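A.B. asks: Sequence:
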Amino acid sequence: MLGLLRPVRGLVKTLVLISLPVTILPFLNGLIEGVFVGNYLLETGYASVLYLKQDLEAKDFAEHLVVSGQRVVDAVLPPFHVLRLHDPTDWWERLGLERLDFDKEAYPPYGSPDPTSFASLHGLHRRVNDPEEEPWHHWVYASAQPWHREEFLMDGWDIAFEKLIRYHYANPSVASASFNYISCPESFLCASWRVHGPALLHFTTEVEMDGKVEDQVPNYDAVTVRIIEFPLKENMMLPGVFPSYFNQLKAVTEDDGWASHSPQSEFKQFLRRYSEVCENSEFTYPRSYGRLAKLERAVLWTMSFENSASPKVARFIAICLSGATTVLGYRALNKILDLLGYNTLEQPAPTGKNDEIFSVEQLELFFASLEDDTEERIKSTPEGAETWNALWDTFQRLSKEKDEEEGDEE
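Reminder that position 157 of the sequence shown reads as 157 in this note's numbering, one-by-one numbering, no gaps.
Read the hints as simulated data drawn from the structure, not as lab findings. All of these numbers come straight from a predicted model, not from anything done at the bench. All C-beta atoms, glycine included, are put in the ideal place defined by N, C-alpha and C. Keep in mind that a hint or two might mislead.
[What the hints assert, rightly or not] Capping the alpha-carbon separation at 30 Å, the derived lysine-lysine pairs in DSBU-like fashion look like this:
hint: 1; residue 1: Lys335; residue 2: Lys312
hint: 2; residue 1: Lys163; residue 2: Lys59
hint: 3; residue 1: Lys104; residue 2: Lys59
hint: 4; residue 1: Lys402; residue 2: Lys312
hint: 5; residue 1: Lys59; residue 2: Lys312
hint: 6; residue 1: Lys268; residue 2: Lys294
[Unchecked claim] For each label pair, taking beta carbons as the anchor points, the in silico distance ranges come out as:
hint: 7; residue 1: Glu401; residue 2: Glu279; range: 32 to 40 Å
hint: 8; residue 1: Gln216; residue 2: Pro113; range: 22 to 30 Å
hint: 9; residue 1: Phe316; residue 2: Leu42; range: 15 to 23 Å
hint: 10; residue 1: Gln216; residue 2: Glu266; range: 15 to 23 Å
Go ahead and model the full structure; you've got the sequences and the hints to work with.
C.D. replies: Here it is in structure tokens:
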């Protein structure tokens, strides 16, 4: 038996040695990237839980706020004049959709025992009143900015979206689709969708010619979601037109521009974020990982193996090994420390967190936008008074720290 295995072992050894020049660097870089990916998964997992808690607290607080005679959560306000999605527990209802697997009688008040399922883009349905009605379309703009006021609208994509809303008011989007928007920084929904913004999420009941309809339910249409991130990487068919921010948004929302983009895939979104993590790491670690990444690209290009399967397989295996070791090792060490009675390791810092000076500016704008009797209404209940006092104390503390920092600089 051993004699029969010797030729096989020799063949495997020969193949490994032959492929070594084109797999060794991808494998080494894959081990490094696995650590990056593991840390990213730990960070985003922790951030999603933290952001959900923050969003729920903000939602409870916003229930007391009234602007122009409307609750903030229901108000259509400048600069976009479309409803903002505040509440992570009913955002799909704001779009006119239903989750048939959510039972609010069994799991009050939100209908699901798993809070992370609130953000799922699967299992969405829309009730059909007329089987012959046209397919339904809807857009959600994901902004990269945390705060939006008409006089402080500085982001180029936000300005383009505001222009897009005015354009489609006179020239309706596909099937007269409506719009909502969401702010992505420190957002549970964006963190769960792995969307940074700017992006457009397209919701539709229209089925492609060769598409398969899943989860067919009587009197309901299944909803397909697409995530379209900007700037567009694909070549835009806009002859003679400079692809400005507005033109890129309009090219997607007008007619059937959305159809050229594939339906949402969690794996595809993960790959997008993985590519960004690796690209940023090249600049963060230019003398180590950055040089190895450049060397790998140069070697594969020289040997014409840049599109070969062998380097990709080697990298994939290394990423899985290193990434799994990072995540499982972190969790195992936390578990051991917990069993021994020690404090667990510090949780990974959420990505994209704003600095304190910007938080002060946010709070200044927030308090300035409130109506005169808002404080009295909020403090009319014990919960509201506690929330208001905590928010005001935070504002006072951060303002003092900001003044001290500015004084030191002078």
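A.B. asks: None of the hints should be skipped; say for each whether it holds.
C.D. replies: Hints versus structure:
no. : hint                        : result
1   : Lys335 x Lys312             : violated, 34 Å
2   : Lys163 x Lys59              : holds, 28 Å
3   : Lys104 x Lys59              : holds, 18 Å
4   : Lys402 x Lys312             : violated, 49 Å
5   : Lys59 x Lys312              : violated, 45 Å
6   : Lys268 x Lys294             : holds, 24 Å
7   : Glu401 x Glu279: 32 to 40 Å : holds, 34 Å
8   : Gln216 x Pro113: 22 to 30 Å : holds, 25 Å
9   : Phe316 x Leu42: 15 to 23 Å  : holds, 20 Å
10  : Gln216 x Glu266: 15 to 23 Å : holds, 22 Å
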